[in-house]
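Peer 1: So you can see what is in the structure, the chains are spelled out below.
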Amino acid sequence: MGLRDILTGRHTVAGPAPDRLFAISTAYIALQSEHSIDPSGAAAIVFQALATSEFESTLREMEEVVRATGGDSGTTVSTQDDSFGYRWMVLHNPPATPSVEDLAVGINAVSGSIETAGYGDRLLCAVFAFVDAQKRPVYFIYNYKRGFWYPFVPVGSAKTNERSTERELQLKAQMGSELPIEPELERWFPLWGIPL
Amino acid sequence: MSHGRGKRSDFGKDTGLQSRMLLTMFLLGLLYVVFIGVLIAVGAGAGIIVIVALVMLGGQLFASDKIALATLGAKEVSPAEAPELHGIIERLCVQANLPKPRVCVMDTSMPNAFAMGRSQKSATVCATSGILQLLEPAELEGVMAHELTHVINRDVMVMTLASFFATLAATIAQFALFFGGGYGNREEEEDIFIVIAVSVAVYAISFLLLRALSRYREFAADRGSAVLTGRPSALASALLKISGTMDRVPSQDLRKAETMSAFFILPARTKKSLMNIFADHPPLEQRLAALERLESQLQGAA
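Protein chains in written order, with the working numbering: chain A, 2 to 197; chain B, 500 to 801.
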């Protein structure tokens, strides 16, 4: 943001950063083999759904594209809105053959068509779900504005909104060489109530 | 910050508003240059002026937000205490690529919100418990996006710097009045009279210009909120709701809040002013009209 933008109070929403989404499709191998954290076969992309007819029709086309491309691998798509008004497009692999690559391709197809339609600035993040050896959920969140990943480990019940920062920092140390991890800890924003 | 191919990149652009803002700032700057020129011409101690100026400026930039928060009784809340508010702000921070500000809640029934802090790193956003009860999540999101836009645009910094010389002029006028008259020769008395007259004039004119600037920054923050959330009508609805309950506010809260009025989403006093040029916020109707234009822009109708 330049001086002129500050003086005139002009402000635009940044589009997505250079794409590092696909880092997950290799990083998960290390997660699985070295740290016993398995993909749970689900991922989601979160964005602001504009209440315009043009945006809605973009979404419908996009869903069809993902359904068509996901048909071979058996990936299913569902959408839902959260209490903050953000839309979640959730991709599920068949439980027998969870494939992080397929999910990343699917998520990328969604974000790609949102960007092509000119709505790239509406993308918030992508979430990939994993489970550790004790069957507890572990999430990796990709921030589109920053092009960085960070781990998110909610603990306790859904009501308490607690996270295990210790576990997240361990994951950062374990995965730092595989994933571009968000360097600023204060930007590891939690997402409570992830529907994955 | 442009992202070329997005056909929506023009959404929320308002060149007219930006040029009015620059013109106002230019006039303010011109006024201050003339002011300083006159002060030096009549031989006021330049060293003293500079020292007083720097101390005042430093105090304003580094302490004013803490003092204001303490006076208003705003308390920082943790994510566990206010999960919804934190959730909204966190998502907006991701969207705006902004570090998360401190989140405060002020315990009063008056529905309002404001932002403070000289930089993005030291920012604080505050909501009253009244506004948290009053608004739907989408409306609250619009209001918080408005406040975060103040942070992004560094409005506290801009307004502090812009109003700095006005404060200085007021101080000089007071000093000159108290200590100026009575002794010294005739020529010195004339000089002091000139200093007082110029200071008063500078203060009066800069006051009006500052109010105009403040109104433009409000429009800019409304627009920034619409751009950030993609829901201009949610903010419009929030403004309507807030203004509807504003009149039923206990007077004590009003007086307490009055000093911080410039950074509130809506001013604490809503009595209709005959002369809008004295107001630090634009009239509600104009803000609603601007948001309406943004909504039709978004819907592709304009």
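Please note that the accuracy of each hint is not assured.
[Claimed, not checked] Pairwise CB distance ranges (calculated):
1) B:539 <-> A:166: 31 to 37 Å
2) B:566 <-> A:186: 48 to 54 Å
3) B:799 <-> A:175: 44 to 50 Å
4) B:518 <-> A:109: 39 to 45 Å
5) A:117 <-> B:555: 49 to 55 Å
6) B:636 <-> A:54: 53 to 59 Å
7) A:109 <-> B:583: 43 to 49 Å
8) A:132 <-> B:555: 56 to 62 Å
9) B:739 <-> A:184: 29 to 35 Å
10) A:166 <-> B:550: 42 to 48 Å
What the hints contain is simulated information worked out from the structure, not anything from laboratory work. For each residue, glycine too, the CB sits at the ideal point set by N, CA and C.
Peer 1: Each of the hints needs a verdict: does it hold here or not?
Peer 2: For each hint, the structure was consulted:
1. B:539 <-> A:166: 31 to 37 Å: violated, 57 Å
2. B:566 <-> A:186: 48 to 54 Å: For residue 186 (chain A) against residue 566 (chain B), whose Cβ atoms are near 30 Å apart, the range 48 to 54 Å is violated.
3. B:799 <-> A:175: 44 to 50 Å: The hint (44 to 50 Å, Cβ to Cβ) holds, given that residue 799 (chain B) and residue 175 (chain A) are roughly 47 Å apart.
4. B:518 <-> A:109: 39 to 45 Å: holds, 41 Å
5. A:117 <-> B:555: 49 to 55 Å: Holds, at about 53 Å.
6. B:636 <-> A:54: 53 to 59 Å: Violated, since residue 636 (chain B) and residue 54 (chain A) (Cβ atoms, about 23 Å apart) do not stay within the stated range.
7. A:109 <-> B:583: 43 to 49 Å: About 31 Å separates the Cβ atoms of residue 109 (chain A) and residue 583 (chain B), which means 43 to 49 Å is violated.
8. A:132 <-> B:555: 56 to 62 Å: Holds: the Cβ-Cβ distance is about 59 Å, inside 56 to 62 Å.
9. B:739 <-> A:184: 29 to 35 Å: violated, 42 Å
10. A:166 <-> B:550: 42 to 48 Å: holds, 47 Å
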